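Following the hints, complete the assembly by docking chain B onto the known chain A.
Chains as they are written, first to last, in this note's numbering: chain A, 4 to 142; chain B, 389 to 711.
No lab work stands behind these hints: they were computed from the structure.
Incorrect hints may have been included.
[What the hints assert, rightly or not] Cβ pair distances, simulated, as ranges: (1) A:G123 <-> B:M590: 34 to 40 Å; (2) A:R44 <-> B:Y527: 20 to 26 Å; (3) A:G75 <-> B:F505: 49 to 55 Å; (4) A:P48 <-> B:R624: 46 to 52 Å; (5) B:A516 <-> A:G75: 38 to 44 Å.
[What the hints assert, rightly or not] Lysine to any residue pairs mimicking SDA-like chemistry, simulated, CA-CA at most 25 Å apart: (6) A:K66 <-> A:D37; (7) A:K66 <-> A:P82; (8) A:K66 <-> B:L512; (9) A:K66 <-> A:R39; (10) A:K138 <-> B:P563; (11) A:K138 <-> B:P416; (12) A:K138 <-> B:E659; (13) A:K138 <-> B:C666; (14) A:K138 <-> B:W670; (15) A:K138 <-> B:P672; (16) A:K66 <-> B:S523; (17) A:K138 <-> B:E667; (18) A:K138 <-> B:A567; (19) A:K138 <-> B:A660; (20) A:K66 <-> A:A106; (21) A:K66 <-> A:R86; (22) A:K138 <-> B:L512; (23) A:K138 <-> B:D625.
[Claimed, not checked] The following residues of chain B were derived to be distant from chain A, with all beta-carbon distances above 10 Å: (24) H423; (25) W490; (26) S511; (27) P537; (28) P602; (29) L658; (30) L671; (31) D695.
The model shown is predicted, which means the values in this text are computed figures rather than measured ones.
We put the CB at the ideal spot given by N, CA and C, even for glycine.
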Amino acid sequence: MAHLRRQALVVSPTRFGELELAVLELVWSMGEVDVRIAHERLGTPRGITSNTVQSALERLFRKELLSRTRAGHAYRYTPAVSRDDFFARAAATAAGELRGARAHGVLAAFVDIAAKADRGNLDRLEAILAAARAKRGRK
Amino acid sequence: MNLFCVLFVLAASGAAVTSVALRAALHPLIHQLRHFAPHVRVRWLLLLLAGPLVSAGLAVTVAFGPCLRTFFASLPDDCHSHGGPDFFFCFQMRMPDVPAAWLATGALAAILGRRLFEHARASLRARAALGQLRSLGHYDHELQLWLVPGDLAIVAGWPRSEVYVGARLQRVFSPDTFAALLAHEHAHQRRGDMGIHLAAQMLGSCLPGFIRAPLLGELDLAIEQACDALAAVEIRDPLAVARSLLDAARTGLASGDGLALAFCAVKDHLEARVRALCEPRWLPSRRPAAALVAIAMLVLGACITFDLRLHDLSEALFGRLLG
Numbered sequence: 004m005a006h007l008r009r010q011a012l013v014v015s016p017t018r019f020g021e022l023e024l025a026v027l028e029l030v031w032s033m034g035e036v037d038v039r040i041a042h043e044r045l046g047t048p049r050g051i052t053s054n055t056v057q058s059a060l061e062r063l064f065r066k067e068l069l070s071r072t073r074a075g076h077a078y079r080y081t082p083a084v085s086r087d088d089f090f091a092r093a094a095a096t097a098a099g100e101l102r103g104a105r106a107h108g109v110l111a112a113f114v115d116i117a118a119k120a121d122r123g124n125l126d127r128l129e130a131i132l133a134a135a136r137a138k139r140g141r142k
Numbered sequence: 389m390n391l392f393c394v395l396f397v398l399a400a401s402g403a404a405v406t407s408v409a410l411r412a413a414l415h416p417l418i419h420q421l422r423h424f425a426p427h428v429r430v431r432w433l434l435l436l437l438a439g440p441l442v443s444a445g446l447a448v449t450v451a452f453g454p455c456l457r458t459f460f461a462s463l464p465d466d467c468h469s470h471g472g473p474d475f476f477f478c479f480q481m482r483m484p485d486v487p488a489a490w491l492a493t494g495a496l497a498a499i500l501g502r503r504l505f506e507h508a509r510a511s512l513r514a515r516a517a518l519g520q521l522r523s524l525g526h527y528d529h530e531l532q533l534w535l536v537p538g539d540l541a542i543v544a545g546w547p548r549s550e551v552y553v554g555a556r557l558q559r560v561f562s563p564d565t566f567a568a569l570l571a572h573e574h575a576h577q578r579r580g581d582m583g584i585h586l587a588a589q590m591l592g593s594c595l596p597g598f599i600r601a602p603l604l605g606e607l608d609l610a611i612e613q614a615c616d617a618l619a620a621v622e623i624r625d626p627l628a629v630a631r632s633l634l635d636a637a638r639t640g641l642a643s644g645d646g647l648a649l650a651f652c653a654v655k656d657h658l659e660a661r662v663r664a665l666c667e668p669r670w671l672p673s674r675r676p677a678a679a680l681v682a683i684a685m686l687v688l689g690a691c692i693t694f695d696l697r698l699h700d701l702s703e704a705l706f707g708r709l710l711g
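With the rest of the complex left out, here is chain A:
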């Protein structure tokens, strides 16, 4: 159960705020940051306190997106997932949530295929398309 809960925390990107994404971008670009640097780069331009930046870092650590090591009285944070992995996972989770909405007509998807659509069926459709192209070529 605890494992599932941890996994849900890791993969669920639905509660990311603008600041958290900015913090992640900063950590990805710098490789390692502490609260002071993060506040300097992100907090000061936004007019937010060091505590708010610290909270964002803490939340990202709890979501297992950042790792941290103690350096004196402060923590130094490093990325726990790569940028590509994070975006792929976040997009997949958002798409998964949209899946439920699909059944309620909230959105229109470009291609609707049954989850069990097989390659054989796609190959058959490819053959139909190829035949149509050949037919058009002859005209």
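Same frame as chain A, but now just chain B:
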């Protein structure tokens, strides 16, 4: 039994009879409809979705027509003429409450409320997920869409809908097939399809599942095909649109979890769309319009001819049922 219960029983009877008739004729009807151009089918399917509700309204109107006529024209009440123990539907009626009718009304209202609630919840969740996607991607002003991570291609939002396309599709697709995909998605925007989906969902909420699901599925196919057709006209190559559909399907399968594109739906939709683009053979759209006018005339004629008789019949039936 008070006026509200009478109204409910009449409306529910009208809707139920139409629903059952529609269910019986649904498969041949859908088969026939598939011969017509998708934009024509969209109109027909919306009409079919509205059918049971229209019947409900018609049943009430027909049964109450004579009462309203006599009431507004200040004519003498002629409800004595058809017999029965009392004036059942008239405005001066004295009827006992029937708990079963109230229970049925409550149950129906609960089902309707639950469906609307689920729809609202799905909308809110979709809105949150789309917000998340927007924060992960960026708006491409040239292409007029949100370029987001992953491999999805969707249109969402109403009244202002927006296009979301996965950056992976842009990388994987050839320029022609990507242009076909964009033309398809922008066709959804131009046609206002999200509004049509919303209206269909609202109409479908009032219908029993055995006709709601097939009609909504068929409407979905018709809408997608209508956009395929518009995209084919825009890029002047229907086969490029078919190509993009197959490429998208393959990309969806290759992504493993199939989250992005493999939304559950009727399995033959992809095949129907590809076939329609490769060999379009739509019948002229005049025939459905003529059939619709004929049906409307028939219903109107029947109402005018039989309203008094239906009124008398329904009152007499209620009279017998209530002793």
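Violations among the numbered hints, reported as their numbers in ascending order: Structure breaks hints 11, 20, 22, 26, 27, 29.
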